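All the letters of the sequence shown, read from the start, carry residue numbers -28 to -1, 1 to 1094 under mature numbering (1 follows the signal peptide of the UniProt record, and there is no 0).
No lab work stands behind these hints, which were simulated from the structure alone. Certain hints may be false.
Here are the simulated EDC-like pairs of lysine to aspartate or glutamate, each with C-alpha atoms no more than 16 Å apart in a straight line [what the hints assert, rightly or not]:
#, residue 1, residue 2
1, LYS683, GLU639
2, LYS159, GLU147
3, LYS826, ASP753
4, LYS592, GLU568
5, LYS592, GLU541
6, LYS554, GLU970
7, LYS496, GLU1064
8, LYS285, ASP337
9, LYS1050, ASP572
10, LYS329, GLU314
11, LYS582, ASP572
12, LYS65, ASP611
13, LYS489, GLU105
14, LYS110, GLU202
15, LYS833, ASP723
16, LYS592, GLU778
17, LYS585, ASP606
18, LYS756, ASP654
19, LYS1047, ASP325
20, LYS554, GLU541
21, LYS1042, GLU334
22, LYS724, GLU828
23, LYS596, ASP767
24, LYS681, GLU639
25, LYS677, ASP654
26, LYS613, ASP458
27, LYS227, ASP191
28, LYS159, ASP149
29, LYS592, ASP767
30, LYS591, GLU778
31, LYS1042, ASP973
What follows is a list of derived Cβ distance ranges for each label pair [stated by the list, open to error]:
#, residue 1, residue 2, range
32, GLN490, GLU242, 38 to 48 Å
33, GLN36, LEU1021, 37 to 47 Å
34, ASP383, GLU309, 13 to 23 Å
Quick caveat, the model's predicted, so the values are computed rather than measured. Cβ coordinates follow ideal geometry from the N, Cα and C atoms, glycine included.
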Amino acid sequence: MAGPGSQRRASPGASALLTAALLYAALGDVVRSEQQIPLSVVKLWASAFGGEIKSIAAKYSGSQLLQKKYKEYEKDVAIEEIDGLQLVKKLAKNMEEMFHKKSEAVRMSPCEKVSCLTPYIFALLQRLVEAAEEAHLKHEFDADLQQQGETRSHPPHVALKSPQYEYFNAVLINERDKDGNFLELGKEFILAPNDHFNNLPVNISLSDVQVPTNMYNKDPAIVNGVYWSESLNKVFVDNFDRDPSLIWQYFGSAKGFFRQYPGIKWEPDENGVIAFDCRNRKWYIQAATSPKDVVILVDVSGSMKGLRLTIAKQTVSSILDTLGDDDFFNIIAYNEELHYVEPCLNGTLVQADRTNKEHFREHLDKLFAKGIGMLDIALNEAFNILSDFNHTGQGSICSQAIMLITDGAVDTYDTIFAKYNWPDRKVRIFTYLIGREAAFADNLKWMACANKGFFTQISTLADVQENVMEYLHVLSRPKVIDQEHDVVWTEAYIDSTLANDQGPVLMTTVAMPVFSKQNETRSKGILLGVVGTDVPVKELLKTIPKYKLGIHGYAFAITNNGYILTHPELRPLYEEGKKRRKPNYSSVDLSEVEWEDRDDVLRNAMVNRKTGKFSMEVKKTVDKGKRVLVMTNDYYYTDIKGTPFSLGVALSRGHGKYFFRGNVTIEEGLHDLEHPDVSLADEWSYCNTDLHPEHRHLSQLEAIKLYLKGKEPLLQCDKELIQEVLFDAVVSAPIEAYWTSLALNKSENSDKGVEVAFLGTRTGLSRINLFVGAEQLTNQDFLKAGDKENIFNADHFPLWYRRAAEQIPGSFVYSIPFSTGTVNKSNVVTASTSIQLLDERKSPVVAAVGIQMKLEFFQRKFWTASRQCASLDGKCSISCDDETVNCYLIDNNGFILVSEDYTQTGDFFGEVEGAVMNKLLTMGSFKRITLYDYQAMCRANKESSDGAHGLLDPYNAFLAAIKWIMTELVLFLVEFNLCSWWHSDMTAKAQKLKQTLEPCDTEYPAFVSERTIKETSGNIACEDCSKSFVIQQIPSSNLFMVVVDSSCLCESVAPITMAPIEIRYNESLKCERLKAQKIRRRPESCHGFHPEENARECGGAPNLQAKMVLILLPLLLMLFSR
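Build the full structure now, drawing on both the sequences and the hints.
Here is the structure:
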């Protein structure tokens, strides 16, 4: 019988047994959660799959045959190292010839080079300038020109003082009234689609005229200008006949109308408005004026409340529109004190690039009116800023101006002007009187006239734009008096009229000013307008021999401000439902795409027009930015003389620095080019098909054939490139018979998942073979014109070529499309390998071949291989079918090609197995590379208002005009601020948060496998379990098999994503970025002052009643014609 004492003695033994049992059970749990994955088994699977898939890829691509054929010619080719410096100098020379041969030489000799695409560009502008100035000189102004033209009832025998005249209005042409009659100024204008203008309906015999919506299209000044400028028609047509590669030619008048050739119909926007005003365009402003430093003073005293302050803000905004990248500015609001609109920029000026101007516009909304205006303090500050900034040498070092926006001035402040500005009067004063009162007009006009400026009165929002434009013509006077027809070039911009499905059409404009030659107007310096023509950036790229730049090489060009003119990394569009232009696409700095150059060594050397070489390691993204290639680039650069541009060439070290010359007969090459599956890179310039209209319909391959057969003696072709094309055609020809044999002998059950075989060579030659009917292809877009990543284009080689070139020779690179949201589009696998001429690093990669197969076929091969085991009895210790393991196939960038969960295909492995990916990074099997995107677009919550839009909306302009009249009728109520109440009620809508996309900077990761690590295994300690895994490289590929213990979820480790993160700058850093000015090069020409200038033309009080009629009439006509 056990007593209490025995129970106490038994207790320790029982406890020990219980503890042991629990410990055993716990250990058992750990053992169960730590699934043992034999490395040898995974290695067997990887080897089996690798051997099988490589055999298929090599067999159907014909890679071994093509390698053998190139080897047979090894002794007959000459390998050359590219001299990058000589290459970039030659390319710059070609572009110089293209841009601006001397006019005499151009008129006498035709272009002899394929690269010389627009040889008459300088001469054609000169002819337009001469024709315009001569026509204006002979013209006598006729105030009744339009009215006589409207008088259609006069019998023929009645003599008229003026000729009957009616012009082609680009908005009204071919428009009829309800009775079927052509509208006035809308006569019949024949339009026909023209392939040179992207099949846009144009008239290549005539130009037509666009007049901004806010201008009266029958104003005598406009009609007279349109009349004499009609003489440009003949020159337009003649220029196009001389150089059929030309696109648009045009004349922008100082009066506001825009004559364009070829003639085209302009369509209003959804509000019935055409907001385009040629005088607001950069090409016009750059050609008309010289660079300038500007201080804008805005009166925010109590009297500026309500509509006046709104008009003042709109006036400032319109002035900002007229400032360009070569200008500098600041905005100061004043009452009893000075208020810098951007306090960070106290006492200095900032470059007038788009980002800075938009930044100031946002701050304008914060201005409010109160107190008393102390203009003397503001003027003193403005003069001091201009003087101090000029001494820094950072500004324009040319014209200087103060813009004064106020509702009145009680003094003329002559003592201030005497102190700072007289007698030289180098700082011009432009005064804008806001409101209808004219009590202080005399003082403001005196200030402008005494300082070589201009005075205007702005009473309504409808007055703003036209009155702001006046100052540009004043600044143009010294240039006109000097009679200096400076040639100007713009940065790259998108021509919306030529937009197509293939991407944006980037242009640069070259322009020259047109002056009045009449003797009596010489001292007045009257600008008639600006002539210009567009040069497509793609024409520049045609001068680049892509085959000499290597697979990763490229050419690029920048402006004097460091902005990109052309670069393969420039992305001007973003997608939000449809493709849209990024707001800052035309001012992307070179340092924002070549961001590895932290000290701007390359950028600054190019801006300073130096010639030289620079080297650095770069991280180039491919495949929509999700993959990265790390390489060392050598950059060679020089200037393009006679333009503000500098040219650069980037060559990657290794195979990118070498090319070779082969040699075959024309007869051999022609024979092998005749095969129907041969194609050439359409964006490469083998032959110039633009010089003669009859050649424009030819493809590059058709042009080469005609050239070689001697059937088109006028065709100009690159003989060296064509010789290499013939060599590649001959060497690669046997693969056609090989592919055909495979297709004929292919059984129903063997490798039926292989659909396409293809090859591409360094000369842009491609061949393709289908193993299934075209209608049965899984990927219908592959290698088509819209598949930009996978075809040769002006910027780069195909993606499968570029990635194969970085693989070990003889191995294949496999990839699938990335998944898109919830819809997985990863239904094909592309495999490619490179073909090298020699077995050494210096050997150029002469070609790449590959296949495309169904993803389901590829995955089936993987699962079949993963069921193999080494045991003789056939019992496998582990299988991918087991519930305790997950098997994946990933590529060298971490993207999943095979997973048991099909929806994960194309996803990043780190998002699915974050703990394992994190361990692989820690162990060095993969490395993280941080990338930056300085062209990103981020979502931002922003207050929006549907307030006044000035003249951009005819209804708002109309309402503004009506309100002005109403205010006149109830003048006595103005003292009680009725105008302010009326305006705020009508135009100040409720502020609301709106989510928009705005330019931003982001950083994001990319991942690359470490080549030296072929296999590894590991354990991950999680909260309550241990997770094991094995990773094994697939032989002769860029792939890895990963087998992961699925019984341990390890949820405490977060997934690793590739999502970009916005880089946010604190206020201090934002200020530093605003103040920081990158090195830039000022334009060589400056016309800021001329002693003979007549300053008496300095403005006056406008005839408001007449002005309102001119504004209201076209708006009323528009409203009632709807």
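For this session: Starting from LYS554, check that the Cα of GLU970 is at most 16 Å away, please.
Result: 8 Å, holds
Exercise. Going straight from one Cα to the other, do LYS585 and ASP606 come out at no more than 16 Å?
Worked result: 7 Å, holds
For this session: Would you check the hint for LYS159 and GLU147, treating anything up to 16 Å between C-alpha atoms as holding?
Result: 7 Å, holds
For this session: Could you grab the alpha-carbon distance between LYS596 and ASP767 and see if it respects the 16 Å cut-off?
Result: 14 Å, holds
For this session: Decide if the proposed pair is consistent with the structure: LYS677 and ASP654, CA atoms, cutoff 16 Å inclusive.
Result: Roughly 14 Å separates the two Cα atoms, so the pair holds.
Problem set entry | Satisfaction of hint between ASP973 and LYS1042, Cα-Cα up to 16 Å | 13 Å, holds
Problem set entry | Distance restraint between LYS285 and ASP337, which requires alpha-carbon spacing of 16 Å or less | Since the Cα atoms of LYS285 and ASP337 sit roughly 8 Å apart, the hinted pair holds (cutoff 16 Å).
Exercise. Within 16 Å, alpha carbon to alpha carbon, are LYS833 and ASP723?
Worked result: 10 Å, holds
Exercise. Taking 16 Å as the top limit, are the C-alpha atoms of LYS489 and GLU105 close enough?
Worked result: 6 Å, holds
Exercise. Are the Cα positions of LYS1050 and ASP572 separated by 16 Å at most?
Worked result: 9 Å, holds
Exercise. Taking only the CA atoms, is the gap from LYS110 to GLU202 under or equal to 16 Å?
Worked result: Answer holds: LYS110 to GLU202 is near 13 Å, not above 16 Å.
Problem set entry | Given pair status - GLU541, LYS592, alpha carbons within 16 Å | With Cα atoms ~9 Å apart, LYS592 and GLU541 stay inside 16 Å; holds.
Every hint, counting from the list given before, is met by this structure.
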